[in-house]
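Q: From first to last, the protein sequence lines are chains A and B.
Heads up: the first sequence at position 88 corresponds to 88 in our numbering, and the numbers run straight through without jumps.
Heads up: the second sequence at position 44 corresponds to 44 in our numbering, and the numbers run straight through without jumps.
Hints in this document: simulated from the structure, not taken from any laboratory.
Treat the hints with caution; some may be incorrect.
[As the list claims (entries may be wrong)] Only pairs whose alpha carbons sit at most 25 Å apart, straight line, appear in this in silico DSS-like list of lysine-lysine:
hint : chain 1 : residue 1 : chain 2 : residue 2
1    : B       : K73       : A       : K148
2    : A       : K266      : B       : K73
3    : A       : K266      : A       : K294
4    : B       : K73       : B       : K61
5    : B       : K49       : B       : K73
[Stated by the list, open to error] Partner residues are not named here, just some residues of chain B that face chain A (Cβ under 10 Å, in silico):
hint : residue
6    : Q5
7    : L7
8    : Q8
9    : M15
10   : K61
Yeah, the Cβ is synthetic: ideal placement off N, Cα and C, and Gly gets one too.
The residues making up each chain are set out below.
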Amino acid sequence: MITAVRCHLPETRLTNDDLAALFPEWPSEKIYQKTGIRERRLAGPDETAGDLAFHAAQRLLEDRDRSRIGFVLHCTQSPDYLLPTTACLLQNRLDLPQRCGALDFNLGCSGYIYGLALSDGLLRAGHADAVLLLTGETYSKFLNPKDKGTRTIFGDAGSATLLDSASPNRLHSFVFGTDGSGGEFLIVPGSGMRRPDGAEPAGPRPLAMNGPEVFNFTVRVVPPLIDQILDRGRIELRDVDYFVFHQANAFMIEHLRRRLDIPADKFALSLEYVGNTVSCSIPIAIESALADGKIRPGMRILLAGFGVGLSWAGCLLEWKG
Amino acid sequence: MTETQFLQRLAEVLMADQPIARDTPLESLSGWDSMGQVALVAMLDETLKYQLPPGTLQGCKRVGDIVALVGQKLDAANEAADPDRRG
Chain A
1 MITAVRCHLP
11 ETRLTNDDLA
21 ALFPEWPSEK
31 IYQKTGIRER
41 RLAGPDETAG
51 DLAFHAAQRL
61 LEDRDRSRIG
71 FVLHCTQSPD
81 YLLPTTACLL
91 QNRLDLPQRC
101 GALDFNLGCS
111 GYIYGLALSD
121 GLLRAGHADA
131 VLLLTGETYS
141 KFLNPKDKGT
151 RTIFGDAGSA
161 TLLDSASPNR
171 LHSFVFGTDG
181 SGGEFLIVPG
191 SGMRRPDGAE
201 PAGPRPLAMN
211 GPEVFNFTVR
221 VVPPLIDQIL
231 DRGRIELRDV
241 DYFVFHQANA
251 FMIEHLRRRL
261 DIPADKFALS
271 LEYVGNTVSC
281 SIPIAIESAL
291 ADGKIRPGMR
301 ILLAGFGVGL
311 SWAGCLLEWK
321 G
Chain B
1 MTETQFLQRL
11 AEVLMADQPI
21 ARDTPLESLS
31 GWDSMGQVAL
41 VAMLDETLKY
51 QLPPGTLQGC
61 KRVGDIVALV
71 GQKLDAANEA
81 ADPDRRG
């Protein structure tokens, strides 16, 4: 189903030295040791998630036939507008056919996997011959400039994935999960119609992240998620050639890797120069693993996303090339 | 792992400069910030295979609150380490 993946990063870089100058109690090297991140990219004031997804899609579709695309899906939590739907605007900007369906869906770190599942469903049902799955995120616009905890972690990005019914790269063994009771652990209060405690004026507050609770959630749900994917695929952990987890931060996913006994050389770690890019982190890791030859034809890849919602999902990808 | 060993590990994770006991207030430890709590979650998962129920961290005021949460796991770990104590 997956034919190709391309990503796009905004130009502005926020380095650990920049952050250490703002927060002297966190030296540059300490930030790297705690997060595995050296720099993140930030969207400009007039640059949106829709723009980042657009540029990724332009890279992806450069030499490809756009007329085959029957659906465009856009995963974002920082849409260009509440309305109209960013995916509708992208249909026009990308010169996609008017017979193309388009919709946004609102998920974060698990969003790419949900997008793959939706695309897979549309293709299997015969609703489209090809689906363009986009992710775009500009969390940097939600952050409190004084919150070193979130500013060290999040970076902006866009991604574009083409899925085609004729592609041999099969997706299967999807597993999903949700626990809305943890919604408060990663939230932008006031970002929708519900006012925080009736506060005036209405409008978004900075992103609030309870890091320990989010981490506690991942150690609770990710190991069983991986077991369920393997069960559904009727395979063992050793039968997986490469693992791509959502790149939350290096401390967190390295802990999960050790806990699950996954060899380091089979485990994607691709956040050093981009940070946590939310729904873009898995496609960024896939694009770079394909370019580096870490994903090769004949390999079986396990993908897993988890975070804001709280929401999680995973699947297997058979990469034929 | 005995409770004493657990308290030693906890003191390391939360960067206590003196030995800690059940009645030590967590706020008095320099490491009881969000990074320290993340390290605590990792330590509990790694050493005791224990995951905290959601939302319990903010209710922890003293070291004893954490010990109470993992109490049963400590017993289980003791038994696993010392077969003579079983039964």
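Q: Any of the earlier hints contradicted here, and which numbers?
A: Result: hints 1, 2, 6, 7, 8, 9 and 10 break, sorted rising.
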